[in-house]
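> So the chains spell out like this:
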Amino acid sequence: MKIKELARDADGHLADFKLWNEEIAKELANEEEIQTLTDQHWKVINFLRKEYVEKNDLPTIRKITKESGVDTKELYSLFPKGPAKKAAKIAGLPKPKGCI
Amino acid sequence: MKNLVILGAGTAGTILANKLVRLLDADEYKIIVIEQSKVHYFQPGFLFIPFGVYKDRHVVKPVNELLSKKVNCVFETAKIIEPEKKRIVLQNDVAIPYDFLIISTGNRIAPEETEGLKESLWQKNIFDFYSLEGAKNLFKFLNDWKGGRLVVNIAEMPIKCPIAPLEFLFLADYFFTQKGIRDKVDIQFATPLSGAFTKPIASKMLSDILIKKNINVINEFNIARVDNSAKTIVSWDEQKIPFDVLITVPINKGNDVIGNSKLGDELNYIPTDRESLRSQKYSDIFIVGDATDLPISKAGAVAHFQVDILVKNLISYIQQKPLEEKYDGHANCYIESGFGKGILIDFNYDTEPLPGTFPFPIFGPFSLLKETRMNHYGKMMFRWIYWNTLLKGYKIPFIEPHMTMSGKKRPY
Chain C
1 MKIKELARDA DGHLADFKLW NEEIAKELAN EEEIQTLTDQ HWKVINFLRK
51 EYVEKNDLPT IRKITKESGV DTKELYSLFP KGPAKKAAKI AGLPKPKGCI
Chain U
1 MKNLVILGAG TAGTILANKL VRLLDADEYK IIVIEQSKVH YFQPGFLFIP
51 FGVYKDRHVV KPVNELLSKK VNCVFETAKI IEPEKKRIVL QNDVAIPYDF
101 LIISTGNRIA PEETEGLKES LWQKNIFDFY SLEGAKNLFK FLNDWKGGRL
151 VVNIAEMPIK CPIAPLEFLF LADYFFTQKG IRDKVDIQFA TPLSGAFTKP
201 IASKMLSDIL IKKNINVINE FNIARVDNSA KTIVSWDEQK IPFDVLITVP
251 INKGNDVIGN SKLGDELNYI PTDRESLRSQ KYSDIFIVGD ATDLPISKAG
301 AVAHFQVDIL VKNLISYIQQ KPLEEKYDGH ANCYIESGFG KGILIDFNYD
351 TEPLPGTFPF PIFGPFSLLK ETRMNHYGKM MFRWIYWNTL LKGYKIPFIE
401 PHMTMSGKKR PY
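Here the protein sequences come in this chain order: C and U.
Just so you know, we're using the numbering used here here: the first sequence kicks off at 1 and counts up by one.
Just so you know, we're using the numbering used here here: the second sequence kicks off at 1 and counts up by one.
Derived from the structure by calculation, the hints contain no laboratory data.
Where hints are given, some of them may not hold.
[To be verified] Derived lysine-lysine pairs resembling BS3-like cross-links, with alpha carbons at most 25 Å apart: (1) Lys240(U) with Lys81(C); (2) Lys204(U) with Lys81(C); (3) Lys184(U) with Lys160(U).
Only chain C is shown next, with the shape it has when bound in the complex (with noise of 0.2 Å):
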């Protein structure tokens, strides 16, 4: 599956997160000019999906700081401007809701 024939939301994101490997996310990286992918990124990108497949949700910023051994000045330097929605793009999963 090549990352052009994946159906994408109106902000980039897949469509289906199933659809997903590690070569999509270096790709989904390259879009959000993140040119290469070091293991504290992979930390945050597995916690997302590993959070996502147990509760069909995204955590919060401080969930991930607190749980997944990156803390939040790491965090933003990672994945510049926006961390919660730019990691959950290059892990394959759907914008964050937000809040209410």
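Once you have looked at the hints, place chain U on chain C.
Leaving out everything else, chain U in the frame of chain C:
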């Protein structure tokens, strides 16, 4: 005799207690309310204090006067909830056993969670308006202020009454205009959200009003710290916003007793079934109001609809019947927009705020998603309704706990 314990006598807990004493047989059920404060605050009124519209006397009443005499009130802080032992241990180590527990412990601002917020400028150039003290200090400050840069900042979502920061901005614009110094005040709004509000149609409408009022919005600003010496707020990605006065809406958290009891999530909100309002973990515990983790605004206007649903489900549970009543996420909020006008929004889990009339189609008298004088009167009338009708557990005529599409129009 069975113990029905309500933990917290804020808006939700007070309405609930007053309704239950009328529905349950006093010979069979003892209703106990545990509350740490002897005074009850009309929290929606805090918004008006910085602008001199309301004073203390408008927003404070003794808890004793608001609860039915048939309720047993314990004024003490709860230390820990022990669901396995079915009891609550208080700060003074007295344990109160329960057969049924309703948690209505609300939430609070936690300025200590943001670096530099509660330091040298706190309550001097940095104020909150979610506490009576903060709102009163801000009133004193604004009274003497000659102008400069005023920044309103939301630290992190979710917050209590997500519309209140916008109302504050609208009222600040009105206040400085009346004072004749609006041209000397630069009003900035820094928010972690990507729009002015959380729901698309309302967000667009409110954002147009902000532009019209010459209020600048800085989106996706996630505050990391306050630099007290430079008088700036700094985001996690190092954006800096200078201020002369900062109005902060600090991080909100559920009550500490929830954290101590390990009943909540990372912000001490309790996992709650979105329809029945029962705890996801314990069948004899129900949760209502700001204490839940539900994806709906934290506000009294939400809590009072939840109470109607909760009362029915609680009684079904007591009678060992299935819980059939379903909360739909209904919220209804008057938004003060300044210059004697207001906006009304009415929505639920699935339907965002839409234009139209409320509560009756065509006749209104209130207009949804539109600035009118009548909506402003609705907002100002609400204080009387709150103290005299709502908290006493009486029904507000024509207002139903479930949202209705009657009177609403989709603009698309």
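> Look at each hint and say if it fits the structure.
Evaluated hints:
Distance hint between Lys240(U) and Lys81(C) is fulfilled; the C-alpha atoms sit about 14 Å from each other, no more than 25 Å. Distance hint between Lys204(U) and Lys81(C) is fulfilled; the C-alpha atoms sit about 22 Å from each other, no more than 25 Å. A C-alpha spacing of about 30 Å is found between Lys184(U) and Lys160(U), which places the hinted pair above 25 Å, so the restraint is violated.
Violated hint for the displayed structure: number 3, the only one.
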